[in-house]
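*Asks:* Chain order of the listed sequences is H and Y.
The opening residue of the first sequence carries number 2 in my numbering; numbering runs sequentially from there.
The opening residue of the second sequence carries number 101 in my numbering; numbering runs sequentially from there.
Do not take every clue at face value.
Unchecked claim - Derived Cβ-Cβ restraints for the label pairs, each shown as a range:
1. Phe274(H) with Thr188(Y): 53 to 61 Å
2. Gly344(H) with Leu173(Y): 23 to 31 Å
3. Asp378(H) with Thr188(Y): 52 to 60 Å
4. Asp378(H) with Ser132(Y): 14 to 22 Å
5. Glu125(Y) with Arg334(H): 46 to 54 Å
6. Ala180(Y) with Glu19(H): 39 to 47 Å
What the hints assert, rightly or not - Cut-off 27 Å, straight-line C-alpha distance, at most; resulting in silico cross-link-like pairs (DSS-like, lysine-lysine):
7. Lys191(Y) with Lys91(H)
8. Lys386(H) with Lys143(Y)
9. Lys51(H) with Lys91(H)
10. Lys416(H) with Lys386(H)
11. Lys346(H) with Lys191(Y)
12. Lys263(H) with Lys346(H)
Simulated from the structure, these hints should not be mistaken for laboratory data.
Using N, Cα and C, we set each Cβ at its ideal position, and we do this for glycine too.
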Amino acid sequence: MTTANEALTDLGVRELGERLAGRSVSSRELVDAALARIDATDGAVGAFLKVVPERARARAAEADARIARGERRSPLDGVPVAVKDIFLTKGIETTCASRILEGFVPAFDATVIERLEQAGAIIVGKLNMDEFAMGSSNENSAYKPCHNPHDLSRTPGGSSGGSAAAVAARQVPASLGTDTGGSIRLPASFCGVVGVKPTYGRVSRYGVIAFASSLDQVGPVARSVEDAALLLSTIAGHDPRDMTSSARPVDDYLGPLEQGAKGLRIGVPAEWFQGGLDAGVERLVREALARYERLGAKLVEVSLPHTRYGIGAYYLIATAEASSNLARYDGVRFGLRAAADRGLKEMYSETRERGFGPEPKRRIMLGTYALSAGYYDAYYLRAQKVRTLIRRDFDRAFEQVDVVAGPVAPYTAFKLGEKTADPLQMYLADIFTITCNLAALPGLSVPCGLHAESRLPVGLQLVGRPFDEATLLRAARALEREVGPGPAPAALASASGGHA
Amino acid sequence: MALSLEEVRRIAQLARLRLGPEEEERFAVQLSAILDHVAELSKLDVSGVEPMTHALAAGEGAPLREDAVQASLPPDVALANAPAREGTCFKVPRIIE
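For reference, chain Y alone in the conformation it holds in the complex (with noise of 0.2 Å):
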C-alpha cells in the first residue's frame, strides 16, 4: 500500500512532528513497504476473536490501594527539569495567536 506524501504531511501534523522534504519522501517509501509487510494481517480470519487489551492476565493484578493522600515531589524537585517556569508553574510560549 503506497502512502502519498499528503498522507505523510497529514500524519506528521498528527503528531506534531515536522519532516523536511527529503524525509518526507522517504517516509513515505520506508512506511509503505513497512504497511505492505503488515498488510499480511488482512489475509488472517480474526471474526469472533477478542482483541488482547491487557498484557496481564485477568486475576494476575493487585487489588487497588487505598484512596490515600501520600507524599508527593516538592515542586521545586518536579520543576526541577523545567525548560522554563514562573513560580510553581511551567512556563510555555503563548497559546492564544
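One chain only, chain H, in its complex shape (with noise of 0.2 Å):
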C-alpha cells in the first residue's frame, strides 16, 4: 500500500492528469497518495500550514464522477495541488503565515484559486512561507520553520519556502507561490524543483495578500517544466477585478516546449558572476551554459551595469509599498485585536506590536522612514529612478539576444538559523533575482544540477522578455532534457519507510 503510495507520489502533473484520462486511478486515491505522504513526512518538512483532508476528499469524488461522465475538464482535473498561505481561499483559514490573520477565514477566493478549481485541480492544503512573504528563508513564519527536504538542516529558501519544499518532498506535485524579490526562484533552486515568475501583469494578483503591489507576481513550482506550464496557461490572463492584469492574449506554452535551444541567443551578463558567488554554483551554471551552446544556442555577452543598485532600490520600494499595504491591519475589520478597552490609537498599536513578528516590523518602520516628510525625494523617489535604469539594462540586452541567463542566488540552501540575526545578510541572498522583479520581467528557475561538495540543488535563472514566457519555458526544458528533473529529496527516504 505504502509503495503504491510512493508511486504516485513520485508522478508529475501531466502523468497523473493521463492516468486519470484512463481510469487507471481515481482523483480519490491521488488525494489519498498525497495526504499519506503528508501525513509521513511533513513533521519532518514543516511545508504545510493547513491540510484539508474532508475538502479534498469531497472534490476529488466530484472530480471522479466528472471523468466518469466524460466530462473532464482540463489535463489538472482530480491532480492534487497545494497553494501557499497568501492567497485568499474561500472557507479556509489564511493567514499569509503572520499571527495578526490567525483565524481568518477569507469570505472569496483569490482568482488564481477559482482558475485552478475551474480547471479541476484539487487543492490539499496551505503552504507554509515567511509572514507576509517578507524572507529569503521561511524562517520568518509566525507559525514554524520549514526544511529542505534535500538536507532537513537547512533552509528550502523564501519567501515561498513550503511551496518549494511540497514539491520537492512529492507531497504534491505541483503548487502556486508568489515571487516579490525571488520569493519562487529563490526555493525553487534550493529544494531542486522548476519555478516561474511570470511577467508583472501576466497572473492577476486580485485576492492574493498584498505586499509590495507593483512588484508581486503568482507563479507556479512543479518536477518538470512541462508541469510548471501546464499550472501557468491555467492560471495566466486577463482579470478584470486586477487592474494591473494585462489584457494580452495569453501564449501558448505547452506548444514549443519541444522546440529545443538551437538558435536562441542567450545573454550572458558579466554582472551575475560577480557578488560572491560560489565557485560550485558558478561551475554548474558555465555548464548549463556550455549545454547551450552545443545544443546550437548562441552564448553573447551582456551587461547589467545596475545590478549592484537592485537590492537597494527594491528594499526602499518594496518596503514603502509594503508599509501602505500593511495598514489595513489594524484590529478593526479582521484579524488580531488587541487593547480593546484602552481607546483606538492603544489598539491600533497594541494590534500591530502583537500580531506582527520581526520582519514585517523591520520593514513596515524601514518603508514609513523612507515615505516621510524630507525622505520621499533622496529615498523613494530616486529608487524609481533607480528601476527605470535597471529596466533599461534589460531592454539593452534584449536588443541582442532573447534569453539572460545566469546563476539564481550565490550559494546552495544554507543552514537554518545561519543568516536570521544579520537581516542585510538575508536581503542579499536575492542579489540576481530582485532585478527581475524591479524591471517587471518573466523569470524562472530550472534544475541544473547538483554542487559538487554539497550534493545540493543548483538552479539555472533565466530572464525573458516582456510577456516571453514561452521562450523562457521553452529554453528551460532544453536544458531539463540534457540535465534531467531535479533529484528525490534523499533526506526523507527513512521518513517515508525507505521509498526506493
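Please dock the two separately framed chains into a single complex, following the hints provided.
*Replies:* Structure representation (C-alpha cells):
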C-alpha cells in the first residue's frame, strides 16, 4: 500500500492527468496518496500550515464523477495541488503565516484559486511561507520553520519555502507561490524544482495578500518544466478585478516546449557572476551555458551595469509599498484585535505590536521612513528612478538576445539560523533575482545539477522579454532534457519508510 | 547613516507600531545598516531619469470596465471576520477621548 502511494506521489501533473483520463487511477486515490505522504513527511519538512483532507476528498469524488461522465475539465482535473498561504481561499483559514491573521477565513477566492479549481485541480492544503512573504529562508513564518527536503538542517529558501519544499518532498506534484524579489525562484533553486515568476501583469493578483503591489507576481512550482507550463497556462490571463492585469492574450506555452535551444541567443551578464558567487554554483551554471552552446544556442556577453543597485532600490520600493499595504491590519475589520478598552490609537499600536513578527515590523519601519516627510525624494523617488535604469539595462540586452541566463542565488541552501541575526545578509540572498522583479520581467529557475561538494541542488535562472514566458519555458525545457529533473529528497527516505 | 533612537520612536509612532526598548535599540542598529547599504543609490546620477511609477508598461493594461452596479458581499459575510460588530457596522473603541 505504502509502495503504491509512494509511486503515485513520484509522478508529475501531466502523467497523473493522463492516468486519471485513462481511468487507471482515481482522483480519490491521488488525494489519499498525497495526504498519506504529507502525514509521513511533513512532521520533518513543515511545508504545510493547514491540510484540508475532507474538503479535498469531497472535491476528488466530484472530479472522479466528472471524469466517469466523460466531462474531464482539463489536464489538471482531479490532480492534487497545494497553494501558498498568501492566496485567499473561501472557507479555508488564510494567515499569510502571520499571527495578525490567525483565524481569518476569507469570504472569497483569489482569482488564481478560482482558475485552478475551475480546471478541476484539488487543493489539499495551504503552504508555509515567510510572514507576509517577507524573507528568503521561510524562517520568518510566525508558525513554524520549513525544512529543505534534501537536508533537513537547511532552509528551503523563501519566501515560498513551503511551495518548493512540498513539491520537492513529493507531497504534491505542483504548487503555487508568489515572487516579489525572488520568492519563487530562490526556493525552487534550493529545493531542486522548477519555479516560474511570470511578467508583472500576466497573472491576476486579485485575492493575493499584498506585500509590494508593483512587484508581486503569482507563479507555479513543479518538478518539470512542462508541469510548470501547464499550471501557468491555467492561471495566466486577464482579470477585470485586477487593474494591473494585462489584457494581452496568453501565449501557447506547451506547443513550443520541445523546440530546443537551437538558434536561441542567450545573454550572459558579467555582473551576475560577481558578488560572492560560490565557485561550485558558478561551475554548474557555466556547464549549463556550455550545454546550451552545444545544443545550438549562441552565447552573447551582455552587461547589466545597475545590478548592484537592485537590492538597495528594492528595499526602498518594496518596504514603502509594504508599509502602506500592511496599514490595513489595524484590528478593525479582520484578524487580531488587542487592547480594545484603551481607545482607538492604543488598539492600533497594541494590535500591530502583538500581531506582526520582527521582519514585517522592520520593513514597515523602513518603508515608513523612506516615505516620510523630508526623505521621500532622497529614498523612494530616487529608488524609482534607479528602477528605470535597471529596466533599461534589460531592454538594451534584449536588443541582442532572447533570454538572459545566470545563477539564481550566490550559493546553495544555507543552514537554518545561519542568516537570521543579520537582516542585510538575508536580503543579499536575492541579489541576482531582484532586478527581474524591478524590471517587471518574467524569470524562472530550472535545476542545473548538484553542487560538487554539498550535493545540494542548484538552479539556473533565465530572464526573458516582457510576456515572453513561452521562450523562457522552451529554453528551460531544452536544459531539462539534458540535465534531467531535480533530485529525489534523500533526507526523507527514512521519514517515509524507505521508498525506492 | 546612523538612525537615532529618537528617530526610531518617531517612525514607530507614524507606523502605529509599539516597540519595546530592546526592539527600539535593535531596529536602530539594523535599520542604520540597511540605510548604509541603500546609500549606494545616492552615488548614481539619476538626473533626467523618469521614475518607474508603473510596473505595467503603458498600453498593457485593459480598458476600464463600465461603471455598472454589481453584486457585492452581503453584510453578514463582509462582517464575518470582524473582531467586534454592532448591527451592520464594524465596532471600534472610543475615538474621542
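*Asks:* Now look at each hint and say whether the structure bears it out.
*Replies:* Hint-by-hint comparison with the structure:
no.	hint	result
1	Phe274(H) with Thr188(Y): 53 to 61 Å	60 Å, holds
2	Gly344(H) with Leu173(Y): 23 to 31 Å	29 Å, holds
3	Asp378(H) with Thr188(Y): 52 to 60 Å	44 Å, violated
4	Asp378(H) with Ser132(Y): 14 to 22 Å	20 Å, holds
5	Glu125(Y) with Arg334(H): 46 to 54 Å	33 Å, violated
6	Ala180(Y) with Glu19(H): 39 to 47 Å	41 Å, holds
7	Lys191(Y) with Lys91(H)	24 Å, holds
8	Lys386(H) with Lys143(Y)	13 Å, holds
9	Lys51(H) with Lys91(H)	14 Å, holds
10	Lys416(H) with Lys386(H)	36 Å, violated
11	Lys346(H) with Lys191(Y)	14 Å, holds
12	Lys263(H) with Lys346(H)	63 Å, violated
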